[in-house]
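J.: Chain residues, written in single-letter form:
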Amino acid sequence: DAKTTQPPSMDCAEGRAANLPCNHSTISGNEYVYWYRQIHSQGPQYIIHGLKNNETNEMASLIITEDRKSSTLILPHATLRDTAVYYCIVSRSGNTGKLIFGQGTTLQVKP
Amino acid sequence: GAVVSQHPSWVICKSGTSVKIECRSLDFQATTMFWYRQFPKQSLMLMATSNEGSKATYEQGVEKDKFLINHASLTLSTLTVTSAHPEDSSFYICSARSSSQSTDTQYFGPGTRLTVL
Chain A
1 DAKTTQPPSM DCAEGRAANL PCNHSTISGN EYVYWYRQIH SQGPQYIIHG LKNNETNEMA
61 SLIITEDRKS STLILPHATL RDTAVYYCIV SRSGNTGKLI FGQGTTLQVK P
Chain B
1 GAVVSQHPSW VICKSGTSVK IECRSLDFQA TTMFWYRQFP KQSLMLMATS NEGSKATYEQ
61 GVEKDKFLIN HASLTLSTLT VTSAHPEDSS FYICSARSSS QSTDTQYFGP GTRLTVL
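Protein chains in written order, with the numbering used here: chain A, 1 to 111; chain B, 1 to 117.
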C-alpha cells in the first residue's frame, strides 16, 4: 500500500474551515484514500473515503487532485470537538482491507 | 449504524495472568476484524487480521502464541493476552469490516486499556 505524508500538526480557529493536506504520490489505481480521526483515548472514527472523485458527507469533504497524488480533508466549520489526530490512509481495495496508520496530523481547534 | 463495541473498556491484571478482550459488531456482520495496539503518544499498530472461521493472520513481530485471536462468529472476535507482562500494557483497539461492503472501510471499537502490574 502507498505511503502517506501529513504535516505533524495544524491549528485552526473555531468556526473556520480546517484544511488538512495529505500527500500520497505513490498511490496506485485501485487504492482508496481514507480519512479517520482519533480523539484522545478513543478508538478512531471513520470520516470519509474516496477513489477519484471528490466526496462530501455530513462530517467533511474530501478533495482528491486529478493525478490522485494528494488530497485535502476539509472540515467546513471546525469546532473545539474536532480537536483530534487525523489520519490519511491509502488502502488497496480487496479482501485484505488492512489499514496501516501513520503518525497523522494533530489538529488543534482554538477558540 | 456501524457500531463496534469492546469489553472491557479497561482492565488491570497481575503479571503472568491472561486477559480476554471482546470485540463485537453490533449492527452489521463482519467477516473480517482487526486488532491494533497503541502505546502512549504513538500511532496505531496493526497486530493481526481475524477472519471468521479461520486462523488469524499476524503482522510481523507479533507473537501468535501470546496474542490469541478467535473469530468464532460474524459479530464477535476475541483477543487473549496470555501470560501478560508489564510491557503488554497498552491500548488495544479492534475494528470490523462489513461483509457487505466492497471497500475497506473499517469501524473501530472504543478501545480497551490494559494495565499489567
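Please note: incorrect hints may appear among the correct ones.
[As the list claims (entries may be wrong)] Cut-off 30 Å, straight-line C-alpha distance, at most; resulting in silico cross-link-like pairs (DSS-like, lysine-lysine):
(1) 52(A) / 69(A)
(2) 3(A) / 69(A)
(3) 66(B) / 14(B)
(4) 64(B) / 14(B)
(5) 55(B) / 98(A)
(6) 20(B) / 55(B)
(7) 14(B) / 55(B)
(8) 64(B) / 20(B)
(9) 110(A) / 41(B)
(10) 20(B) / 66(B)
(11) 41(B) / 66(B)
(12) 64(B) / 98(A)
(13) 64(B) / 3(A)
(14) 64(B) / 110(A)
(15) 41(B) / 98(A)
(16) 41(B) / 14(B)
(17) 69(A) / 20(B)
(18) 41(B) / 64(B)
(19) 3(A) / 14(B)
(20) 20(B) / 41(B)
(21) 66(B) / 55(B)
(22) 98(A) / 3(A)
(23) 41(B) / 69(A)
(24) 3(A) / 41(B)
(25) 52(A) / 98(A)
(26) 52(A) / 3(A)
(27) 98(A) / 69(A)
If you are wondering where the hints come from, they were derived from the structure by calculation, not from laboratory data.
J.: Run every hint past the structure and note whether it holds.
T.: Evaluation of the provided hints:
1. 52(A) / 69(A): 10 Å, holds
2. 3(A) / 69(A): 11 Å, holds
3. 66(B) / 14(B): 16 Å, holds
4. 64(B) / 14(B): Since the Cα atoms of residue 64(B) and residue 14(B) sit roughly 21 Å apart, the hinted pair holds (cutoff 30 Å).
5. 55(B) / 98(A): 16 Å, holds
6. 20(B) / 55(B): Distance of about 17 Å is within 30 Å: holds.
7. 14(B) / 55(B): Measuring from Cα to Cα gives roughly 28 Å; hence the hint holds.
8. 64(B) / 20(B): Cα-Cα ~14 Å, so holds.
9. 110(A) / 41(B): 21 Å, holds
10. 20(B) / 66(B): 12 Å, holds
11. 41(B) / 66(B): 24 Å, holds
12. 64(B) / 98(A): At roughly 18 Å apart (the allowed maximum being 30 Å), residue 98(A) and residue 64(B) satisfy the hint.
13. 64(B) / 3(A): 26 Å, holds
14. 64(B) / 110(A): Given that 30 Å is the threshold and the Cα spacing comes to 44 Å, the pair is violated.
15. 41(B) / 98(A): 22 Å, holds
16. 41(B) / 14(B): At roughly 24 Å apart (the allowed maximum being 30 Å), residue 14(B) and residue 41(B) satisfy the hint.
17. 69(A) / 20(B): The hint is violated at about 42 Å.
18. 41(B) / 64(B): 25 Å, holds
19. 3(A) / 14(B): 39 Å, violated
20. 20(B) / 41(B): Given that 30 Å is the threshold and the Cα spacing comes to 24 Å, the pair holds.
21. 66(B) / 55(B): 14 Å, holds
22. 98(A) / 3(A): 13 Å, holds
23. 41(B) / 69(A): At roughly 28 Å apart (the allowed maximum being 30 Å), residue 69(A) and residue 41(B) satisfy the hint.
24. 3(A) / 41(B): 20 Å, holds
25. 52(A) / 98(A): Holds: residue 52(A) and residue 98(A) sit about 20 Å apart, inside 30 Å.
26. 52(A) / 3(A): 17 Å, holds
27. 98(A) / 69(A): The hint holds at about 20 Å.
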